[in-house]
Amino acid sequence: MASLKRRSGLGRVGFWALLIFILLIFMSPFLWMLLNSLKTPIQIITLPPSFWFKPTLSNYSNVFEQQEFGKFFINSLAIGVGSTFFGLLLGLPAAYAIARYNQGRLATLILLARMIPGISLLIPWFIMFRALHLTDTYLALILTHMLVGVPFIVWVMIPFFEAIPKELDEAGRVDGGSTLQVFLHVILPISGPGIVTASIMAFIYSWNNFMFSVVLAANNTKTLPVAIYNFISYAQIDWGGLMAAAVVITLPVLIIAILTQRFIVAGLTAGAVKG
Amino acid sequence: MKPRFAMLAGSAVTLVGLLAGCGGGSVGSSQNNAGNPASSTKGVTIRVVLANHPWTDGIKKLLPDFESKTGIHVNLESYGETQLTQKLTTEFTSGNSDIDVFAQRPLQEARLFVQNGWYQDLNGYVKDQQKTPTDWQYNDFFPSALQTENVNGTLTGIPIVVEHEVLYYRKDLFAKANLQPPKTIDELVTDAQKLTDKSHGIYGFVARGDRQASVTQFSSFLYSYGGDWFDQQTKKATLNTPEAIQAFETYGKLLKDYGPPGTLNMSWPQAAAVFAQGKAAMWTDADSVFQNVTDPSKSQVAQNVGIAKFPAGPKGSIPYSVTSWGLSIPKTAPHKDAAWQFIVWATSPDTVKKLQTGSSPVPGARASLWNDEDMKSFPSDWVAAAKASADGRPYDRPLVVQVGQARDIIGTVIDTGIQGGDVTAAASSANQQFQQLLDTEKK
Chain A
1 MASLKRRSGL GRVGFWALLI FILLIFMSPF LWMLLNSLKT PIQIITLPPS
51 FWFKPTLSNY SNVFEQQEFG KFFINSLAIG VGSTFFGLLL GLPAAYAIAR
101 YNQGRLATLI LLARMIPGIS LLIPWFIMFR ALHLTDTYLA LILTHMLVGV
151 PFIVWVMIPF FEAIPKELDE AGRVDGGSTL QVFLHVILPI SGPGIVTASI
201 MAFIYSWNNF MFSVVLAANN TKTLPVAIYN FISYAQIDWG GLMAAAVVIT
251 LPVLIIAILT QRFIVAGLTA GAVKG
Chain B
1 MKPRFAMLAG SAVTLVGLLA GCGGGSVGSS QNNAGNPASS TKGVTIRVVL
51 ANHPWTDGIK KLLPDFESKT GIHVNLESYG ETQLTQKLTT EFTSGNSDID
101 VFAQRPLQEA RLFVQNGWYQ DLNGYVKDQQ KTPTDWQYND FFPSALQTEN
151 VNGTLTGIPI VVEHEVLYYR KDLFAKANLQ PPKTIDELVT DAQKLTDKSH
201 GIYGFVARGD RQASVTQFSS FLYSYGGDWF DQQTKKATLN TPEAIQAFET
251 YGKLLKDYGP PGTLNMSWPQ AAAVFAQGKA AMWTDADSVF QNVTDPSKSQ
301 VAQNVGIAKF PAGPKGSIPY SVTSWGLSIP KTAPHKDAAW QFIVWATSPD
351 TVKKLQTGSS PVPGARASLW NDEDMKSFPS DWVAAAKASA DGRPYDRPLV
401 VQVGQARDII GTVIDTGIQG GDVTAAASSA NQQFQQLLDT EKK
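Line by line, the protein sequences are chains A and B.
When we follow this note's numbering, the leftmost residue of the first sequence carries the number 1, and every step to the right adds one.
When we follow this note's numbering, the leftmost residue of the second sequence carries the number 1, and every step to the right adds one.
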């Protein structure tokens, strides 16, 4: 890092040019989406594409007013938060137990759920949820999304718990804590970065999930990835609306990732043993 | 459910829910007026699952009429085309669906659904004068539209939207070159050549080249050259007949020599965009997509778009004329009579007329409503071209169960043509594969 500071102006320019160039490549689909969400249909199909144009917000008003995306947004949020929360509730103790008591086989078994192609579960699920009168409820969607969320959480957390020295547990036991108390008061407080990483992954998975939602959700629980198809109609595609909806779907995840990224990095470097 | 029903229906809901395994709190009932078909469905909630489609937008606005007239409550859902298929197949496979009415694409799905026994045959309902008022006029539907819905004697659905292949052309470019819109496919080829001006980025012709998507729009070329996918009597594939090869070659040549770059990846949205940008002089596709090029808010050439009947091949002009969407009742529907009442209302002359003249006009399947007055929401040359195509072929893809695979096989030949490869060889190998597919479906 120190050598970077001493670099000549030219070197710095080169560094930034390269950085911007690489960023442009990675960001171009996102930029494209953003630009087109501000264009009218005729501006979208104009060739070559223009970068200076009079932006319109009509696509966004279409997304929120005519298509009522607020409703779908709440659905997605409730299911995402719900499945992540309950996933943590189940996954964290499971991962701790697996890490401390060397239950590798159990871990593989949990991962198995993630390996089964989701599509093969749809029909059995549908039959089950219909019998339980749970189709088109948050509960059904939260449960199904947990199927993928829990293995994520468990597998992210196992190595994390394993890296925590056993001496910490022992110290807790010496002070008179039960296993549960040690887990809750000693281990969990220093596992923040791992939990955040696992939660974000589980949440993003749920947020983007399409297949489970399309089959098990109906009018009351339709999620964003299903609702975005409202802009693709037979013989008509509203590209602008589609792009605006895509921005609306991407933005929360992006914001969460940017906000929590600092926390993850900070947490990782803090170090648990020294404390 | 209305509060005054709650007590009465409460116990019935639980009972019926348990028996049929389908609650959802939607089973209203009224035992007190048995006998009268109209009132026995009163208070019932039906689940109607439709596709994202201008027709769906139109019917949504009209729903209050139906609900106040019949007392039936409609729970309407709509999904994208492929999502709809996924949802329907999952629910029907489970054998435990509570869908009462669904929108279907008869040519894409009906054969599979019939094979699986998922339809309520509507023939019985159409003939039942108790359930179907005489002023509904079943015979008013276009014969080809009904034929599309008819699969081995099962009436799978009632047509709601019809579709034909037409020729879109640029009036200004034709006038500038002193040409008339082509009446034959031969003229189409020479006109495409004359109008291609690659240095100015103008191409004579554009159409779908994507392997799966191109098959339906290629079909009218095939038929007009005198070919077909297979012989329906003998179940022999006919993809390598001289007529078929001629059609494959012509379609390929048009896109290879006079088409824009990248046609191999084009379905209708891409082809429509090329035409709407003013980069193509002619385009053959379904009449249903016309707004993409004639609506000034979407198209740069809206004022100059002409629409004509599909040009004639050696066997004349034989475009497809199909039902692209219909309404069906699944065999498992909990409220079939109410579902049928909904379909009768949604396809009645009165409703179809409103849908055709509404804000998102959709061409209905009733012959009596294809007059100038009831079609005034459509461009006049569009109406003329579509009307002249009404007696075309009732299918735009092979009538098989595994439509997707068949389209893959046929699309390979189309793409070989576009790439300038050996069409004859590709056609005969495709013919062989297609024959195998037909053999597996023979019973």
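By construction, these hints were calculated from the structure, which means they are not laboratory data.
Hints should not be assumed to be uniformly reliable.
What the hints assert, rightly or not - Here are the simulated lysine-lysine pairs, DSSO-like style, with alpha carbons at most 27 Å apart:
hint : chain 1 : residue 1 : chain 2 : residue 2
1    : A       : 166       : B       : 279
2    : A       : 54        : B       : 60
3    : A       : 71        : B       : 279
Stated by the list, open to error - Take a look, some chain A residues computed to stay more than 12 Å from chain B by CB distance:
hint : residue
4    : 119
5    : 196
6    : 205
7    : 228
8    : 230
Where is the CB? At the ideal position from N, CA and C, for every residue including glycine.
Status of the hints after comparison with the structure:
At roughly 70 Å between alpha-carbon atoms, residue 166/A and residue 279/B are farther apart than 27 Å, so this suggested pair is violated. As the CA atoms of residue 54/A and residue 60/B are separated by approximately 34 Å, the hinted pair breaks the 27 Å bound. For the hint linking residue 71/A to residue 279/B, the alpha-carbon distance of about 41 Å lies beyond 27 Å, and the restraint is violated. Once the 12 Å rule is applied to beta carbons, residue 119/A is inconsistent with being away from chain B; the minimum gap is 9 Å.
For residue 196/A, the requirement that its beta carbon stay farther than 12 Å from each beta carbon of chain B is met, with the minimum near 33 Å. Annotated as non-interface, residue 205/A keeps its C-beta farther than 12 Å from every C-beta of chain B; the closest such distance is 19 Å. Residue 228/A, annotated as away from the interface, has a beta carbon of chain B within 12 Å; the closest lies near 9 Å. With a least beta-carbon separation of about 6 Å from chain B, residue 230/A fails to lie farther than 12 Å from that chain, contradicting its non-interface assignment.
Consistency note: the structure conflicts with the earlier hints numbered 1, 2, 3, 4, 7 and 8.
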